[in-house]
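If you read the sequences in order, they're chains A and B. The first sequence maps to residues 16 to 382 in my numbering. The second sequence maps to residues 3 to 283 in my numbering.
These are calculated hints, taken from the structure and not from any lab test. Treat the hints loosely; a few may be bogus.
[Said to hold, decoys possible] A few chain B residues facing chain A, derived, Cβ under 7 angstroms:
no., residue
1, 33
2, 142
3, 144
4, 145
5, 173
[Said to hold, decoys possible] Where chain B lies over chain A, by a calculated footprint (3+ residues, C-beta under 8 angstroms):
no., region
6, 231-244
7, 252-261
Here the structure is a predicted model, which is why all the values come from computation and not from measurement. Glycine residues also receive a C-beta, built at the ideal position from the N, C-alpha and C atoms.
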Amino acid sequence: MSIRKTIKSIIAAILVLSMMLALTACGGNNQNSNQGNNDSEDAKTRLVVVNWKDYGSDDQKVIEYFEQQYNCEIIHEYMASEEELLTKLRTGGVGKLDVVLPNASILPVAIQEGLLEEVDTSKLENYQYIFDKFMTLPENKKDDKIYAVPWVWGSTAIAYNSELVDEEIDSIHVLWDEKYKGMIAFRDDFNDAVMTAAIALGQDPSNPSDLDAIKQKLIEQKPLNRTYWKTGDEWSKLFANKQIAVGMMWSGQAASMKQAGEPIEYVVPKEGAIGWVDYWGIVKDAPNKELAYKFVDYMISKEFQEQWVRAGGPAPVNSEAVNALDEKTIEEMNLGEESLNKLYFIAYHGEDVKKQWNELWQEVKAQ
Amino acid sequence: MKKKVLLMSPAMFILFAFAIVPLFIMLYYSFMSDGAVAKFTLDNYINFFSKGFYLKLTWKTIKMSIVVTLICIVIAYPMAYIMAKVINKGKNLLLLLIIIPFWTSQLVRAYSWLVFLRDGGVLAQFLNKIGLITTTDMGILFTSKAAIIALVHIFFPYMVITIYMSLEKLDNSIIDASKSLGAKPIETFRRVILPLSSPGIITGAILVFVPCLGSFVEPRILGGVNGSVIGTVIEDQFFEIYGWNFGAAIAFILLAMVLLSMGGMSLLLNTEKTRSKSPAS
Numbered sequence: 016m017s018i019r020k021t022i023k024s025i026i027a028a029i030l031v032l033s034m035m036l037a038l039t040a041c042g043g044n045n046q047n048s049n050q051g052n053n054d055s056e057d058a059k060t061r062l063v064v065v066n067w068k069d070y071g072s073d074d075q076k077v078i079e080y081f082e083q084q085y086n087c088e089i090i091h092e093y094m095a096s097e098e099e100l101l102t103k104l105r106t107g108g109v110g111k112l113d114v115v116l117p118n119a120s121i122l123p124v125a126i127q128e129g130l131l132e133e134v135d136t137s138k139l140e141n142y143q144y145i146f147d148k149f150m151t152l153p154e155n156k157k158d159d160k161i162y163a164v165p166w167v168w169g170s171t172a173i174a175y176n177s178e179l180v181d182e183e184i185d186s187i188h189v190l191w192d193e194k195y196k197g198m199i200a201f202r203d204d205f206n207d208a209v210m211t212a213a214i215a216l217g218q219d220p221s222n223p224s225d226l227d228a229i230k231q232k233l234i235e236q237k238p239l240n241r242t243y244w245k246t247g248d249e250w251s252k253l254f255a256n257k258q259i260a261v262g263m264m265w266s267g268q269a270a271s272m273k274q275a276g277e278p279i280e281y282v283v284p285k286e287g288a289i290g291w292v293d294y295w296g297i298v299k300d301a302p303n304k305e306l307a308y309k310f311v312d313y314m315i316s317k318e319f320q321e322q323w324v325r326a327g328g329p330a331p332v333n334s335e336a337v338n339a340l341d342e343k344t345i346e347e348m349n350l351g352e353e354s355l356n357k358l359y360f361i362a363y364h365g366e367d368v369k370k371q372w373n374e375l376w377q378e379v380k381a382q
Numbered sequence: 003m004k005k006k007v008l009l010m011s012p013a014m015f016i017l018f019a020f021a022i023v024p025l026f027i028m029l030y031y032s033f034m035s036d037g038a039v040a041k042f043t044l045d046n047y048i049n050f051f052s053k054g055f056y057l058k059l060t061w062k063t064i065k066m067s068i069v070v071t072l073i074c075i076v077i078a079y080p081m082a083y084i085m086a087k088v089i090n091k092g093k094n095l096l097l098l099l100i101i102i103p104f105w106t107s108q109l110v111r112a113y114s115w116l117v118f119l120r121d122g123g124v125l126a127q128f129l130n131k132i133g134l135i136t137t138t139d140m141g142i143l144f145t146s147k148a149a150i151i152a153l154v155h156i157f158f159p160y161m162v163i164t165i166y167m168s169l170e171k172l173d174n175s176i177i178d179a180s181k182s183l184g185a186k187p188i189e190t191f192r193r194v195i196l197p198l199s200s201p202g203i204i205t206g207a208i209l210v211f212v213p214c215l216g217s218f219v220e221p222r223i224l225g226g227v228n229g230s231v232i233g234t235v236i237e238d239q240f241f242e243i244y245g246w247n248f249g250a251a252i253a254f255i256l257l258a259m260v261l262l263s264m265g266g267m268s269l270l271l272n273t274e275k276t277r278s279k280s281p282a283s
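Construct the entire structure; sequences and hints are all you get.
What follows is the structure in structure tokens.
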């Protein structure tokens, strides 16, 4: 009997603890949202920015500089996913938010639904310095009008451990190389998987012609892996423990691992690799349109972009900012135009294509 | 009497608002078509049964869950028996030790196994030191074995506790009677103790088997390239492509299987009960 009592009291204690945790978690959230809606200072113009947390624009120094320069106040609202941003814009964001950061996965939808202002690039002094490659991407345009400004970019390509690999890797086919059997880490992501296989097969990664061939190619690759990885943390651990020698990796994480002294080499293979861009968009009927232009212009300025990339940020779109870095850094971090022009940027896909690609990848994993 | 029934209402309300209602919302989603205008459709269910690999994965998941459940019974029964019948002191401490893992998150426990099981990891180095293996490579991590080990670790406490409860209820004098009537220990166990503790085993099996069917964290983190189970497919539907409709349909197919297996097991439980009652009457 006493034991049953003990169990009961233990269960009760667990329940109470979890309730307390839940309550404190709620409390934390409330505090955050209060900060966002603080109405105490009305004197200054307020610029509402939606971005990821800890992603360049919410750096304390950056905010202070911009606020002083234009006598305003920047308020950040954070998003946890691109879908969330789209929902924010659809449900009351228009006319309330000023600047937002969409990528290719939602940008065409947002433009189509009229959630973003057309961008008058003549108002952006730094627009001319953006690499030409970005002018060719279709996602931020509609009827030859521009609706969003490229900000930073990166790639998903090949990284390897230079202590375990004693050759210069320059081809994507290394992921299919029997020599590295059991030491490869492919990414568990349907988009990355389909695009990478398409690049290896010489198909158009944005619009692959033969999905069956891609499926076969991925099934062929499967037994060569140590494992599939999903989060950057998983990759770091596998790499640090020398469980993998080569695999798919993000440019940003490879750069910061290299900075931390890991023996990691990052290459954009000669066949090409996957690229991504984040864009700043000005929200339709933004309360402070002029200030929004100033903000976007500052975000793509050489000054800001150089400072951020030096602090470990992603690759700048501003060619002047890249040119200000030394040759070695540009080459090592693949920031230059040569790497950039090899990339196939992730294109917008409708629900049907996403479903199809995801199902293909599930089938590969289920084999 | 009525007042006492009213005391249930907060719990019933929470159950209704946060479990029953969302369940029906998901059921609704599972019959909706994708696209801007959602219409009633059976496509989600048809898609599941028309693609062979979904069924293959489901079968793989069921097999994995059965293995986990059996291992749990084998590990938990002796432990529960010793706690209930052999030792007198230290029961509370043992119970506490069993419950402590519940205090850390499932994700953290899965990651701990990652550190523990990897080649050159803690376990490999230990086995190497004591001379059981010659290298520090074990090849367990990133196979389905690793996922099964982690799942057993996470779910076996349910089994220990339910078996312990049923053994604790078992009157010691029945065992003594069996012994004094000349039954050997094995016979006592097979004909007296095991039948009387089977409700605990069956309840434990349900508590292990059902969540195992829906698990996705351990197989994905520890299972390597063959870590796909039906749970990871559902996870990917919801988190990767916002495919709520199809995700909900798979979840309901799984739920239907769970209910069927539960029904089967409770049938088993009832026959056990009537069987164990009839000799007494």
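Right, here's what the structure says about each hint:
1. 33: Check failed: Cβ of residue 33(B) comes no nearer than 17 angstroms to chain A, outside 7 angstroms.
2. 142: This interface hint is violated because 12 angstroms lies over the 7 angstroms limit.
3. 144: At 4 angstroms from the nearest chain A Cβ, residue 144(B) passes the 7 angstroms test, so the hint holds.
4. 145: violated, 10 angstroms
5. 173: Interface hint status for residue 173(B): violated (14 angstroms vs cutoff 7 angstroms).
6. 231-244: Per the Cβ count (6), the hint holds.
7. 252-261: This one holds; 4 residues, not fewer than the three required, reach chain B with a Cβ under 8 angstroms.
The structure fails to meet hints 1, 2, 4, 5 from the earlier list, while all remaining hints are met.
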